[in-house]
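Colleague: Numbering follows UniProt numbering, in which position 59 of the sequence shown is assigned residue number 59; successive positions increment by one, without gaps.
Simulated from the structure, these hints should not be mistaken for lab results. Note that beta-carbon positions come from the ideal geometry of N, C-alpha and C, so glycine has one too. Some hints here could point you the wrong way.
Restraint ranges, calculated between C-beta atoms of paired labels, are given here [as the list claims (entries may be wrong)]:
no., residue 1, residue 2, range
1, K159, F41, 43 to 53 Å
2, N128, G78, 46 to 56 Å
3, K76, E54, 17 to 27 Å
Each computed EDC-like pair below joins lysine to aspartate or glutamate, with the alpha-carbon atoms no more than 20 Å apart [what the hints assert, rightly or not]:
no., residue 1, residue 2
4, K154, D141
5, K76, D62
6, K133, D150
7, K145, E100
8, K118, E100
9, K144, D62
10, K154, D137
11, K71, E81
12, K160, E100
13, K144, E126
14, K40, D75
15, K72, E100
16, K44, D84
17, K40, E27
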Amino acid sequence: MGRKAFTPTWIALLRIRLRQMFPWLYEISGYILPQTETTKFFIKVIVETMEYRETNNITRNDFIDMLRELKKNPDKLGNIEMTDSLLASQAFVFFLAGFETSSTTISNALYELALNQKIQDQLREEINEVYVKYNGDLKYDNIKKMDYLDKVFKGTVRKKRVNIFYF
1 MGRKAFTPTW IALLRIRLRQ MFPWLYEISG YILPQTETTK FFIKVIVETM
51 EYRETNNITR NDFIDMLREL KKNPDKLGNI EMTDSLLASQ AFVFFLAGFE
101 TSSTTISNAL YELALNQKIQ DQLREEINEV YVKYNGDLKY DNIKKMDYLD
151 KVFKGTVRKK RVNIFYF
């Protein structure tokens, strides 16, 4: 679904051209996010996840929980009505913001590792040590303890900066 969100449709291209050539007409038509298969999917997933967590009293301290808190306490937002569609759109934007940059950075890191056998071996050794140390439990907190992995990603970002283009 992430790739699909970045694949432009002919309607999206038409809207871009409309904005470039006739900005006044684009302003009149409004900034409506078309209900594509991707947006419908994300709205459904976010709404169902929030409902499931609410009925089963599940807390994970993540972005979804933050959105649930906003929905429970709308007084913090002033006059903005927190609809399911608005909450899902926030989660959708959050996902899209990290999707392309994360996948590109991971691809670049894997490419650099393929070119540098010594670095690859050292990183594999660190991963294996942490894997054995925590009995195969590679949770986020355990992965954060991998200093060399952190250095590999920071080096990759320094060497191959990810550029984002908006249209």
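Colleague: Each hint: holds or not?
Modeller: Status of the hints after comparison with the structure:
{"no.": "1", "hint": "K159 <-> F41: 43 to 53 Å", "verdict": "violated (35 Å)"}
{"no.": "2", "hint": "N128 <-> G78: 46 to 56 Å", "verdict": "holds (52 Å)"}
{"no.": "3", "hint": "K76 <-> E54: 17 to 27 Å", "verdict": "holds (19 Å)"}
{"no.": "4", "hint": "K154 <-> D141", "verdict": "holds (18 Å)"}
{"no.": "5", "hint": "K76 <-> D62", "verdict": "holds (19 Å)"}
{"no.": "6", "hint": "K133 <-> D150", "verdict": "holds (18 Å)"}
{"no.": "7", "hint": "K145 <-> E100", "verdict": "violated (25 Å)"}
{"no.": "8", "hint": "K118 <-> E100", "verdict": "violated (28 Å)"}
{"no.": "9", "hint": "K144 <-> D62", "verdict": "holds (17 Å)"}
{"no.": "10", "hint": "K154 <-> D137", "verdict": "violated (24 Å)"}
{"no.": "11", "hint": "K71 <-> E81", "verdict": "holds (9 Å)"}
{"no.": "12", "hint": "K160 <-> E100", "verdict": "holds (14 Å)"}
{"no.": "13", "hint": "K144 <-> E126", "verdict": "holds (12 Å)"}
{"no.": "14", "hint": "K40 <-> D75", "verdict": "violated (28 Å)"}
{"no.": "15", "hint": "K72 <-> E100", "verdict": "violated (31 Å)"}
{"no.": "16", "hint": "K44 <-> D84", "verdict": "holds (9 Å)"}
{"no.": "17", "hint": "K40 <-> E27", "verdict": "violated (24 Å)"}
The structure fails hints 1, 7, 8, 10, 14, 15, 17 (numbered hints given earlier, in ascending order).
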